[in-house]
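Per this note's numbering, the sequence shown starts with residue 99, numbered consecutively.
Bear in mind the hints are in silico, worked out from the structure with no lab data behind them. The model shown is predicted, which means the values in this text are computed figures rather than measured ones. Hints are supplied without guarantee of correctness; some may be wrong.
Result set (EDC-like, lysine to aspartate or glutamate): computed pairs, CA atoms no more than 20 angstroms apart in a straight line [said to hold, decoys possible]: (1) K121 x E168; (2) K143 x D238; (3) K143 x E241; (4) K121 x D223; (5) K178 x E126; (6) K143 x E242; (7) K124 x D175; (8) K132 x E115; (9) K116 x D140; (10) K128 x E168; (11) K166 x D223; (12) K132 x E168; (13) K172 x E126; (14) K172 x D238; (15) K128 x D175; (16) K234 x D223; (17) K132 x E118; (18) K124 x D223; (19) K101 x E118; (20) K116 x D175; (21) K116 x E126; (22) K166 x D142; (23) K166 x D140; (24) K234 x D142; (25) K178 x E115; (26) K143 x E118; (27) K178 x D142; (28) K172 x E241; (29) K166 x E187; (30) K116 x E187; (31) K244 x D175; (32) K143 x D223; (33) K121 x D140; (34) K244 x E228; (35) K143 x E187; (36) K128 x E187; (37) K178 x D223.
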Amino acid sequence: MLKHQERRFNQLAIGREKAEWRKIFKSEWKRLAKHNVSNDLDPDKWICGCLYYLTSHFFICKHLIQQKGEILPKFFDHIKRNNQYPFLENADNRSNSTPNTLLQLVPCIQNECTIHEELTKNDSDAFFDELISIIKAATDLLEEHKLSQNIKWEKV
Numbered sequence: 099m100l101k102h103q104e105r106r107f108n109q110l111a112i113g114r115e116k117a118e119w120r121k122i123f124k125s126e127w128k129r130l131a132k133h134n135v136s137n138d139l140d141p142d143k144w145i146c147g148c149l150y151y152l153t154s155h156f157f158i159c160k161h162l163i164q165q166k167g168e169i170l171p172k173f174f175d176h177i178k179r180n181n182q183y184p185f186l187e188n189a190d191n192r193s194n195s196t197p198n199t200l201l202q203l204v205p206c207i208q209n210e211c212t213i214h215e216e217l218t219k220n221d222s223d224a225f226f227d228e229l230i231s232i233i234k235a236a237t238d239l240l241e242e243h244k245l246s247q248n249i250k251w252e253k254v
């Protein structure tokens, strides 16, 4: 039995097989996509206040799925589950998304610095403006956690 589990793990790791949760996730997504929507939600942060979202195994509901709109079948191959917010993310779009945690902001700042090492003096204003906006986003995030007295987030 151990050999089978080792083979399964290796197949999952290299992408030859898919995790079992993906099939269940896809069927639930398609079922919820058929429902009508009338609820307040924040699709950018992937948060909804409905009861189904709060009890969903995948943190999805008809409101968020309807808001997402049409998706390509490859979407289900690239979806990634997280143990912390955001609970779902598209692995293909990670580089294009705005960082929303301090842990995501730090590498973003480091990457921007290495990318812009070869900029000319004319480009320096745009570079510094971009860095300032990233730092402001990090500061806003810290203030938000301070106001909510959320100390556990920093230990992640």
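Comparing the hints with the structure gives:
no., hint, in the structure
1, K121 x E168, "holds, 18 angstroms"
2, K143 x D238, "holds, 15 angstroms"
3, K143 x E241, "holds, 18 angstroms"
4, K121 x D223, "violated, 48 angstroms"
5, K178 x E126, "holds, 16 angstroms"
6, K143 x E242, "holds, 15 angstroms"
7, K124 x D175, "holds, 10 angstroms"
8, K132 x E115, "violated, 28 angstroms"
9, K116 x D140, "violated, 29 angstroms"
10, K128 x E168, "holds, 11 angstroms"
11, K166 x D223, "violated, 35 angstroms"
12, K132 x E168, "holds, 12 angstroms"
13, K172 x E126, "holds, 16 angstroms"
14, K172 x D238, "violated, 34 angstroms"
15, K128 x D175, "holds, 15 angstroms"
16, K234 x D223, "holds, 16 angstroms"
17, K132 x E118, "violated, 23 angstroms"
18, K124 x D223, "violated, 45 angstroms"
19, K101 x E118, "holds, 19 angstroms"
20, K116 x D175, "holds, 8 angstroms"
21, K116 x E126, "holds, 17 angstroms"
22, K166 x D142, "holds, 10 angstroms"
23, K166 x D140, "holds, 11 angstroms"
24, K234 x D142, "holds, 19 angstroms"
25, K178 x E115, "holds, 15 angstroms"
26, K143 x E118, "violated, 26 angstroms"
27, K178 x D142, "holds, 16 angstroms"
28, K172 x E241, "violated, 37 angstroms"
29, K166 x E187, "holds, 12 angstroms"
30, K116 x E187, "holds, 17 angstroms"
31, K244 x D175, "violated, 37 angstroms"
32, K143 x D223, "violated, 30 angstroms"
33, K121 x D140, "violated, 26 angstroms"
34, K244 x E228, "violated, 24 angstroms"
35, K143 x E187, "holds, 10 angstroms"
36, K128 x E187, "holds, 17 angstroms"
37, K178 x D223, "violated, 36 angstroms"
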